[in-house]
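Student: Below are the chains, spelled out letter by letter.
There are 2 protein chains.
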Amino acid sequence: MRYKVTIAYDGTNFAGFQRQPNQRTVESELTKVVNKMAKHPEPAIEVYGSGRTDAGVHALGQVVHFDMPFNLPPDNMRKGLNSMLPMDMEVLAVAQVDETFHARYSVSGKRYLYRMDLGEFRNPFKRNYTGHWKFPVDVDRINEAAKDLIGEHDFTSFVASGSGARTNFRTIYEAGCHLDEANNELVFEFYGNGFLYNQVRIMVGVLVEIGAGTRPVDGIQQLYKLNDRRYARRTVPASGLYLKHVYYEGDDPAHPTKLPKHQR
Amino acid sequence: MRYKVTIAYDGTNFAGFQRQPNQRTVESELTKVVNKMAKHPEPAIEVYGSGRTDAGVHALGQVVHFDMPFNLPPDNMRKGLNSMLPMDMEVLAVAQVDETFHARYSVSGKRYLYRMDLGEFRNPFKRNYTGHWKFPVDVDRINEAAKDLIGEHDFTSFVASGSGARTNFRTIYEAGCHLDEANNELVFEFYGNGFLYNQVRIMVGVLVEIGAGTRPVDGIQQLYKLNDRRYARRTVPASGLYLKHVYYEGDDPAHPTKLPKHQR
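Line by line, the protein sequences give chains A and U. Under the working numbering, the first residue of the first sequence carries the number 1, and numbering increases by one thereafter. Under the working numbering, the first residue of the second sequence carries the number 265, and numbering increases by one thereafter.
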């Protein structure tokens with residue numbers, strides 16, 4: 001019986017999503033709990049995520065799947081997992097899915113948030129939950145520039161080395177930011193069919209520089225032409241990044257299909 | 265030269281305010297930095313706080329004082345301290361004061377906040393920053409009951425053992441709560457001339473039970489009559505508590521004077 005599980009986690013105390021020896025990761029905590037619930041079967045049950053998140057990156061709606069040797073009502077599964085998982089993880093939803101569903105290979109899109117604190121001083125309560133930008137920014141200018149991210153583009157200028165992707169072409173459906181006045185934060189939001197390694201953090205770095213006026217408003221277009229990561233410079237900190245939602249084939253009628261195989 | 269320093273800290277990774285052997289505390293981090301700035305004088309410089317906060321309790325405006333062997337403009341002192349303090353502490357303000365000022369003995373009042381998350385499920389991002397209450401509460405009923413806290417009372421029913429105070433009489437000037445709808449939290453606020461050990465956390469425990477209807481609306485009056493800590497039962501978690509402001513003699517014209525000596 002295959003379960004699709006949506007989880008939130010505070011990435012602060014994780015060495016990222018992916019299992020690594022002698023490190024506390026999201027995948028290893030989940031794998032431990034799932035195998036304990038199933039009374040340690042041989043071979044052990046594997047947990048598959050929609051993709052990795054780096055150390056310090058948070059999730060409001062990461063998705064994983066795994067196969068259990070028993071049939072449990074989804075809400076019981078949710079409660080059971082939550083009773084065993086550490087306090088910095090929380091299962092939000094559980095669904096039973098058929099064997100064609102794969103948390104990674106069935107992804108049709110992802111939505112990320114980036115929270116950038118605009119306070120003059122660093123805020124000890126936000127250090128793990130936001131990036132920090134203390135120069136004046138023009139939100140309209142950022143949103144004007146962000147339009148150039150929409151559509152299918154070669155994001156070679158926006159990918160960190162070590163990405164391992166077969167191609168740097170990706171399609172972005174939504175990109176922009178708004179000012180959260182109550183929290184004095186700039187909140188960026190991106191929705192696309194997939195994102196390259198560090199792509200969101202590099203895009204935010206370029207956009208805040210455009211907003212501050214240290215890059216021209218057509219800075220995104222320039223980077224497409226240069227096609228070289230070195231010109232994007234700034235990668236904003238992991239602490240402000242949130243994986244907000246993972247879309248699967250058919251979830252979003254406007255963008256129903258997954259990333260072509262050669263792009264994954 | 266005496267400096268009055270206002271600091272914020274995220275209490276999550278501190279074993280409280282007060283220095284303790286082999287523990288990371290707010291006082292020990294400050295003492296370390298202050299003595300380093302002064303090039304390790306003998307005897308070492310002492311840092312005096314307005315009072316202790318427990319492990320996990322946060323501060324939006326804790327106050328300390330210390331004497332430095334040199335005269336530095338307050339803003340340079342602020343920047344210097346911040347450049348050396350860890351990221352979960354932040355100096356908000358520095359003032360030079362005369363030698364009659366004492367961070368603890370000159371206190372005329374304190375203001376505390378308590379943030380109570382009302383989400384149905386635990387929220388991994390709030391576990392260190394709020395308490396959690398998942399039953400329906402009536403905010404008006406809480407505020408009706410909280411009026412009984414105002415004034416001078418014997419708070420024996422609201423003090424944890426080990427308080428060490430000479431008397432349990434304290435005066436509360438303001439007490440109440442409001443619903444923070446954006447964050448789905450109940451935010452309690454208390455202002456008084458001083459608070460006993462765990463008093464705020466015990467008062468919040470009583471007030472949420474009144475709000476949930478498991479205690480009568482005159483539950484505070486009942487506790488005054490019983491005059492016994494065992495009837496208050498619940499002490500809500502340290503994670504939701506914030507020392508918001510420390511008032512000194514003359515800071516608040518409505519309540520200018522400090523706690524009488526026999527009550528400290």
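In case anyone wonders, no lab produced these hints; they're calculated from the structure. These numbers come from a predicted model, not from an experiment. Some hints here could point you the wrong way.
Straight-line Cα separation of at most 35 Å, DSBU-like style, residue types lysine-lysine; simulated pairs [claimed, not checked]:
no., chain 1, residue 1, chain 2, residue 2
1, U, K508, A, K126
2, A, K36, U, K390
3, U, K343, A, K36
4, U, K300, A, K147
5, A, K79, A, K134
6, A, K79, A, K126
7, A, K258, A, K32
8, A, K32, U, K508
9, A, K134, U, K411
10, A, K244, U, K300
11, U, K390, U, K343
12, U, K489, A, K126
13, U, K398, A, K79
14, A, K126, U, K343
15, A, K32, U, K390
Over the 10 Å line for every Cβ pair with chain U, so calculated as not near, a few chain A residues [what the hints assert, rightly or not]:
no., residue
16, E27
17, M89
18, R127
19, A182
Note that the Cβ used here is the ideal one computed from N, Cα and C, for glycine as well.
Student: So which hints don't hold here, by number, going up?
Tutor: 3, 4, 5, 8, 9, 10, 12, 17, 18, 19
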